[in-house]
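Novice: Sequence lines, in order, name chains A and B.
Under my numbering, the first residue of the first sequence is numbered 1, with each subsequent residue one higher.
Under my numbering, the first residue of the second sequence is numbered 1001, with each subsequent residue one higher.
No lab work stands behind these hints: they were computed from the structure.
Fair warning: there could be bad hints in the mix.
[To be verified] To be clear about the criterion: a stretch of chain A counts as covered by chain B if any three or more of its residues have a C-beta under 8 Å from a C-beta of chain B, and this derived list gives those stretches:
| hint | segment |
| --- | --- |
| 1 | 7 to 16 |
| 2 | 253 to 264 |
| 3 | 285 to 291 |
| 4 | 318 to 324 |
| 5 | 372 to 384 |
[What the hints assert, rightly or not] With a Cα cut of at most 27 Å, we get these calculated DSSO-like pairs of lysine-lysine:
| hint | chain 1 | residue 1 | chain 2 | residue 2 |
| --- | --- | --- | --- | --- |
| 6 | A | K259 | A | K354 |
| 7 | A | K262 | B | K1385 |
| 8 | A | K259 | B | K1303 |
| 9 | B | K1303 | B | K1135 |
| 10 | B | K1303 | B | K1354 |
| 11 | A | K259 | B | K1385 |
[Unchecked claim] Some chain A residues well away from chain B (every beta-carbon gap over 10 Å; in silico):
| hint | residue |
| --- | --- |
| 12 | G30 |
| 13 | D59 |
| 14 | L109 |
| 15 | D118 |
| 16 | E127 |
| 17 | T155 |
| 18 | G158 |
| 19 | L202 |
| 20 | E219 |
| 21 | L278 |
| 22 | D280 |
| 23 | A304 |
| 24 | G308 |
For each residue, glycine too, the CB sits at the ideal point set by N, CA and C.
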Amino acid sequence: MSAPTMSLLYTEVEEELRAAVRDLLTDRSGPAAVLARADTAASGGVPYDSELWTALARDIGAAGLLVPEELGGAGASAREAAVVLEELGRAVAVVPFFSSAVLATSALLACDGPAARDLLGRLASGETTAALAVSLAASPYRPPEPAVELGADGTVLGTVTGVIGAEVADVLLVPVRHAGGRALCAVERTAPGVSITPVTSLDLTRPIATVSFGGAPAEVVAEGDGPVRDALVTGAGLLASEQLGIADWCLTTTVAYVKERKQFARPIGSFQAIKHRLADLWLEVVGARAAARNAAAHLACWGAGSAGSGEVATAVAVAQAHCGTVAVHAAEECIQLHGGIGMTWEHPAHLYLKRAKADEIALGTPGDHRNALAGLADLPGPVS
Amino acid sequence: MIANVTWDEESVAERCRAFLAEHDPARMDRLEFLRARFDAGLAWVHFPEGLGGLGAPRELQAVVERELKGTPDNDPGRIGIGLGMAAPTILAFGTEEQKKRFLRPLWTGEEVWCQLFSEPGAGSDLAALATRAVKDGDEWVIDGQKVWTSVAHRARWGILVARTDPNVPKHRGLTYFICDMHAPGVEVRPLRQITGEAEFNEVFLTGVRLPDSLRLGEVGEGWRVAQTTLMNERVAIGGAQSRRSMINVVAATWRSRPELRTHELHQRLLALWVEAEVLRLTGARLREQLAAGQPGPEGSGMKLALARLHQRLTGLEVELLREEGLTYDDWTFRRPDRVDFTGRQAGYRYLRAKGNSIEGGTSEILRNIIAERVLGLPPEPRTDKDVAWKDLPR
Chain A
1 MSAPTMSLLY
11 TEVEEELRAA
21 VRDLLTDRSG
31 PAAVLARADT
41 AASGGVPYDS
51 ELWTALARDI
61 GAAGLLVPEE
71 LGGAGASARE
81 AAVVLEELGR
91 AVAVVPFFSS
101 AVLATSALLA
111 CDGPAARDLL
121 GRLASGETTA
131 ALAVSLAASP
141 YRPPEPAVEL
151 GADGTVLGTV
161 TGVIGAEVAD
171 VLLVPVRHAG
181 GRALCAVERT
191 APGVSITPVT
201 SLDLTRPIAT
211 VSFGGAPAEV
221 VAEGDGPVRD
231 ALVTGAGLLA
241 SEQLGIADWC
251 LTTTVAYVKE
261 RKQFARPIGS
271 FQAIKHRLAD
281 LWLEVVGARA
291 AARNAAAHLA
301 CWGAGSAGSG
311 EVATAVAVAQ
321 AHCGTVAVHA
331 AEECIQLHGG
341 IGMTWEHPAH
351 LYLKRAKADE
361 IALGTPGDHR
371 NALAGLADLP
381 GPVS
Chain B
1001 MIANVTWDEE
1011 SVAERCRAFL
1021 AEHDPARMDR
1031 LEFLRARFDA
1041 GLAWVHFPEG
1051 LGGLGAPREL
1061 QAVVERELKG
1071 TPDNDPGRIG
1081 IGLGMAAPTI
1091 LAFGTEEQKK
1101 RFLRPLWTGE
1111 EVWCQLFSEP
1121 GAGSDLAALA
1131 TRAVKDGDEW
1141 VIDGQKVWTS
1151 VAHRARWGIL
1161 VARTDPNVPK
1171 HRGLTYFICD
1181 MHAPGVEVRP
1191 LRQITGEAEF
1201 NEVFLTGVRL
1211 PDSLRLGEVG
1221 EGWRVAQTTL
1231 MNERVAIGGA
1241 QSRRSMINVV
1251 AATWRSRPEL
1261 RTHELHQRLL
1271 ALWVEAEVLR
1281 LTGARLREQL
1291 AAGQPGPEGS
1301 GMKLALARLH
1311 QRLTGLEVEL
1321 LREEGLTYDD
1331 WTFRRPDRVD
1341 FTGRQAGYRY
1351 LRAKGNSIEG
1361 GTSEILRNII
1371 AERVLGLPPE
1381 PRTDKDVAWK
1391 DLPR
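Generate the whole structure from the sequences, applying the supplied hints.
Specialist: Dropping the structure here:
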């Protein structure tokens, strides 16, 4: 594996990976299939597509992209994971890639010790799926106080809300407090005392759940809160690529629709009122691509030890501040410019709006990321 | 002449060194040096041999600029219209005589060029222009008014589009000329703008007689010739502006005036800083694509985004300054050589930036271009395409 590049373009390897993921999703995760999954979620069920996940995680090897080769992973970088997320965003695919292969995996990569290494090996093969038991609404700038307590007997007690991917995870990674400070624990989902309660969620394709630990046996995988912080930064930076994928689908789909849809005896896409909005949106998406690629490139170099954490933090904050807003704007324009059909359950546009809006809140709002730049870019606020 | 040479970095660098060995700029007149550089094919390497170039790939120009660094240059900022617009058009459409006559003094800066396109009645709809050119023997007689003409008061030549046939639809009745700015009947008046100064002129053309040898391209082909000029103009504008300069200016003001900061302005500044950074990255990605030989459509958007960013940043700076924002540095009627965004006060920047969304294609026209050429959306139905120009409502 050569050193990751800072290039903002896609490498040939990245394009090949994209083509493989897109083929799979076109085949197995088209709009009708995703809508059926959303219906499952809406009626209280678990929407995840386990066959699709197996194909993505094992056959394509996406689960192990961030895991080093010596632990059985692909030894790729954040750049490749970002490309997978772009495609998953374009399809609003219902798989635990972001929760397991990005968030949980990033946390484990920041841990030392055999327990974490062993778990990474299991995750890389795609046999095992993990979830980081932290609220999706957590900000990387103010990670929440651990809500779970690790007792002297090695069991955990407490409740975490707003968790993604828990209902399909085999292992839950839980930030805990204990007598010596903070730590990250691994808990088997099937362990006694673990309960996962799905929450009726805005985002039907990535619902949240409440995870409760009532004295479940836990294994400490790392002391301190460094792994959680790293995972939140990596997650925020890579989420920008998912947001890019969402925005790209919304723009492409809307442009195609306004060419077809006729009112006043002409395609509505010939009206300047619509063309100018789409030109502006295109420009936003072009910027989102540059910003998301920049964040992925910086995270890749950070992982390889060749980028400073200040530069990485700036690249992540810029990408999140921009892409989070662009994805929501693209989804809102998609609904508006589709007119009545965009407001129906039958058309997939609402799935993108729901994902985009949830992603805007996820791992820091655009405002949180802009505020972080006050320090990072030396633009201090008012004195008083 | 060296025939069929394939130029590369090394051979171009070698030619530069050989040129310098024979032409020591310390012992030569500046203009003689520039003329010799042109004759050596080191003016613009992608131009043909004998016309200041080597017929080499365009990117090898960077090698020349590196090798000849520190030698007298042609002050490209002063002759930007000639270099960026007139030269590529003359190269594409000029006769051999025209290329021989005009390109060398254009490049050395001996002859300054201006652009006579826009008219009071033809801005975005350039093809509707009304300046008439009527054939009289071997000459053309020009009557009309042009506007927004930079450096017309110092120009020796102008690139001019005029109507030669009012009886056909507007795009078909145009012809492209080289206008002799010293000819009788050419009157240049400064056009004072909202900043108080006059970067531009109005040019009145009254019975101006141009020989047919100053026609560029065929009669009636003017629109096609003008497209070459306009495409090169947008490339020049997109490439010329520094992507970070305005945010750096405003950020410096912000840092130096802590007593003026408010929470509301802080939020807006941070949002604009993100916008500037995203635009910088977009530009960086665009240059990577170009270097990799995969030019993307992103270029069409850069000017649009920069105009919006500059206007919002400069507006914020004036507002931040409060009482100082009520002042203006200098309303003296002057004729500046170039736009100086950073050397003047906030009020000037605010006012001058208003032109960014108008000059070189309005933001509205650029949105149409993106929508139609990049996104492939259908054009608005047109009522003016198949009507003779003389019958169009005006």
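Novice: Against this structure, judge whether each hint is valid.
Specialist: Hint check:
1. As drawn, the segment 7 to 16 of chain A meets chain B at 3 residues by the rule of a beta-carbon pair under 8 Å; at three or more, the given contact holds.
2. Restraint check on the segment 253 to 264 of chain A versus chain B: 3 residues with Cβ-Cβ distances below 8 Å, three needed, restraint holds.
3. For the segment 285 to 291 of chain A, the proposed coverage by chain B is satisfied: 6 residues have a C-beta within less than 8 Å of a C-beta in that chain, meeting the threshold of three.
4. Counting residues of the segment 318 to 324 of chain A whose beta carbon lies closer than 8 Å to any beta carbon of chain B gives 3, which reaches the threshold of three, so the coverage claim holds.
5. Counting residues of the segment 372 to 384 of chain A whose beta carbon lies closer than 8 Å to any beta carbon of chain B gives 9, which reaches the threshold of three, so the coverage claim holds.
6. Taking the CA atoms of K259/A and K354/A, the gap is about 25 Å. The hint holds against a cut of 27 Å.
7. Between K262/A and K1385/B, the direct Cα distance comes to roughly 23 Å. Compliance with the 27 Å bound is thereby established for this hinted pair.
8. The suggested pairing of K259/A with K1303/B holds, with an alpha-carbon distance near 26 Å, which does not exceed 27 Å.
9. For a cut-off of 27 Å, the pair hint linking K1303/B to K1135/B is broken: about 39 Å separates their Cα positions.
10. Restraint check for K1303/B and K1354/B: the C-alpha separation of about 13 Å stays at or below 27 Å, so the hint holds.
11. Proposed proximity of K259/A and K1385/B is supported: the alpha carbons are some 22 Å apart, at most 27 Å.
12. Every Cβ of chain B is farther than 10 Å from the Cβ of G30/A; the closest lies at roughly 24 Å, confirming the non-interface assignment.
13. The claim that D59/A is not at the interface with chain B holds, since no C-beta of that chain comes within 10 Å of its own (minimum 30 Å).
14. With a least CB separation of 26 Å from chain B, L109/A remains clear of the 10 Å interface cut-off, as annotated.
15. Distance check for D118/A against chain B: the nearest CB is about 39 Å away, which clears 10 Å, and the non-interface claim stands.
16. Every beta carbon of chain B lies more than 10 Å from that of E127/A, the smallest distance being close to 38 Å; the non-interface claim holds.
17. Distance check on T155/A: its Cβ is at least 45 Å (rounded) from any Cβ of chain B, clearing the 10 Å threshold; non-interface status holds.
18. Its beta-carbon lying about 36 Å from the closest one in chain B, G158/A satisfies the requirement of being farther than 10 Å from that chain.
19. The claim that L202/A is not at the interface with chain B holds, since no C-beta of that chain comes within 10 Å of its own (minimum 25 Å).
20. Remark: the non-interface label on E219/A is consistent with the geometry, its nearest Cβ contact in chain B lying 41 Å away (cut-off 10 Å).
21. For L278/A, the requirement that its beta carbon stay farther than 10 Å from each beta carbon of chain B is not met, with the minimum near 6 Å.
22. With a minimum CB-CB distance of about 7 Å to chain B, D280/A fails to clear the 10 Å threshold, and the non-interface call is violated.
23. Separation of A304/A from chain B is adequate, the least Cβ-Cβ distance of about 20 Å exceeding the 10 Å criterion.
24. No beta-carbon of chain B is positioned within 10 Å of the beta-carbon of G308/A; the least distance is around 17 Å.
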